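Visitor: One letter stands for each residue in the lines below.
2 protein chains.
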Amino acid sequence: MSNVRIPSYDWQETAAHLEEMRQRIDAELDRRTNFPEGCPSRLREAIRYSLLAPGKRFRPLLVLLSTEACGKEWDRALPAACAVEMIHAYSLIHDDLPAMDNDDLRRGQPTCHRKFDEATAILAGDALLTLAFETLAKDIHPPRLAAECCRLLAEAAGPCQLVGGQADDIQAATAEGSLELLESIHRRKTGALIEASLMLGGTLAEATEEVLRGLREYGRALGLAFQITDDLLDLEGDEKLVGKRLKKDDAQKKLTFPRFLGVEKSREMVGQLVSQAAEALAELPIDGRHLVALAFFVGTRKH
Amino acid sequence: MSNVRIPSYDWQETAAHLEEMRQRIDAELDRRTNFPEGCPSRLREAIRYSLLAPGKRFRPLLVLLSTEACGKEWDRALPAACAVEMIHAYSLIHDDLPAMDNDDLRRGQPTCHRKFDEATAILAGDALLTLAFETLAKDIHPPRLAAECCRLLAEAAGPCQLVGGQADDIQAATAEGSLELLESIHRRKTGALIEASLMLGGTLAEATEEVLRGLREYGRALGLAFQITDDLLDLEGDEKLVGKRLKKDDAQKKLTFPRFLGVEKSREMVGQLVSQAAEALAELPIDGRHLVALAFFVGTRKH
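If you read the sequences in order, they're chains S and F. Numbering follows UniProt numbering, in which position 139 of the first sequence is assigned residue number 139; successive positions increment by one, without gaps. Numbering follows UniProt numbering, in which position 61 of the second sequence is assigned residue number 61; successive positions increment by one, without gaps.
By construction, these hints were calculated from the structure, which means they are not laboratory data. Take the hints with a grain of salt, since some may be wrong.
Because identical chains share one entry, a pair is satisfied inside a single copy or across any pair of copies.
Below 30 Å or equal to it, Euclidean Cα-Cα: the simulated DSS-like pairs (lysine-lysine) are [to be verified]: (1) 265 / 244; (2) 265 / 254; (3) 244 / 56; (4) 138 / 248.
Because the structure is a prediction, the values reported are computed rather than measured.
Chain S with its partners taken away, still in its complex shape (with noise of 0.2 Å):
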């Protein structure tokens, strides 16, 4: 990471800041699970153990850190970022279904359909990606910006890119595959929600396009670096920290990031991205140093 300058730091002002947005996503995703009649009180309780579980809430915060590097207050894209959540919340407790990858351990506890069972955690699921798009079309205004926000947010999780990135991925784990696939899985599973993200915050702040491409380029090489760290926390974490079960990917002959480069060209490559997304940054009018941090953060994570 010696090729790119580094302004000098106050990451602990950084982190002080990601600490507070945090506890208000906590308190707003904590608020709109309060469901009034009609939500059988088991699905609820199931929604909200997967969706208030501990979490670093990553993509939230890059909703709302791009909204506030973009000039405008960041507590307007707090609907966005609930949205955002939600999201990744449906796609953690889907995918840990017996039917996909069958896993036990989440953020440190039970997986939802262990804790509660299959059919409730199919619809706990289904109901956080509908809530999602509720959030999102009630609580953002003006309209015009809601219906783009619906767009963004619609096609990041759909067939194209999350959920044909989680379909290849199942379909990897018993074929051949190639760095190129590799990459392309990625992109759509965990890439397109993480760019998502910060074209939410951009857009809820009026970005030019300038800015909107900017902050999609930061997206999209922070998505691959958090990927690929994920990979390697897999191989070398700590199970007590990360909060799954780890070593799955090597027994399932995952494809990842280690087996292509080996784990010390996977960290090289960590290091890049995270410089090429503060670089995505460097040239734009908005105040990005927060964003940056948190690059720098996902480079060294253990969790």
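Since the structure of chain S is provided, determine the placement of chain F on it from the hints.
Guide: The following block gives chain F in isolation, referenced to the frame of chain S:
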């Protein structure tokens, strides 16, 4: 049904009109699932297999008919009609899963997880649910109406309505129930999406509050009538016509209307609800004749 005055309908005209609309709906659904790059072929196939299977297209017809009844061209409502059918198709795919109702026949062909596999079926449902909102957000203009349609559809498909109704339905199959619970389940599981179809059509025609209220009332009565005829068909229908395994409700001790009311009383209730639906439109300043005819078709349906 003697207590409602029916003008001399040209039933054949309505039938021909519905057929014309049905063909446009099918062509649109086909066009909208020719995905660009990024959607794996097996997923694409599963989505199209379930969505394009021969169906009555009851809900999308309600969208188009209500826009038309309010004096606007019905083709402006095609994106909303498609979105509603996507939600319906997704809910069938997920409801049929082994962890849910465990059905192997739907619309006269093997259910999605039978034809493909469970993981693909779960993902195809997720994709259709997401695509519904993409369709609304992208193709309804102006954006103000797109946002309103997203809100209407998300509420109807969410944890307090469609998903909540399905969750209670699964629970109720193993519990004691009441007629009240049964009605509440069906208002959410089936009724909400039918009501939303009417509201979407009316909203796209920019109907007045009074008209929207009338359409909702029509939808509420029709939705319940539709569900009771569903229960009756499960008991007495022809499996080849209905296209799904019948006489399952009884075997699974499901809550049904005939179980509480008996067959005769259930049939009477259908008649009353169809009349109620027609009456809800009678005094409105709209041309509801096709909607009224459709309600009578529901009252006598064989599939």
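Visitor: Indicate which option fits the pair residue 244, residue 56 if close means a Cα-Cα distance not exceeding 30 Å: within, between, both or neither.
Guide: within (14 Å within a copy, 45 Å between copies)
Visitor: Classify it for me, residue 138 with residue 248: is the Cα-Cα distance of at most 30 Å met within a copy, between copies, both or neither?
Guide: Classified as neither; 40 Å inside a copy, 39 Å across copies.
Visitor: First find the shortest C-alpha distance between residue 265 and residue 254 inside one copy, then the shortest across copies, and answer within, between, both or neither for a cut-off of 30 Å.
Guide: Result: close within a single copy only, 18 Å intra versus 58 Å inter.
Visitor: Can you give me the call for residue 265 and residue 244, within, between, both or neither, at a CA distance of at most 30 Å?
Guide: Cα proximity of residue 265 and residue 244: one copy only (25 Å, versus 55 Å across).
Of the numbered hints listed earlier, the single one contradicted by the structure is hint 4.
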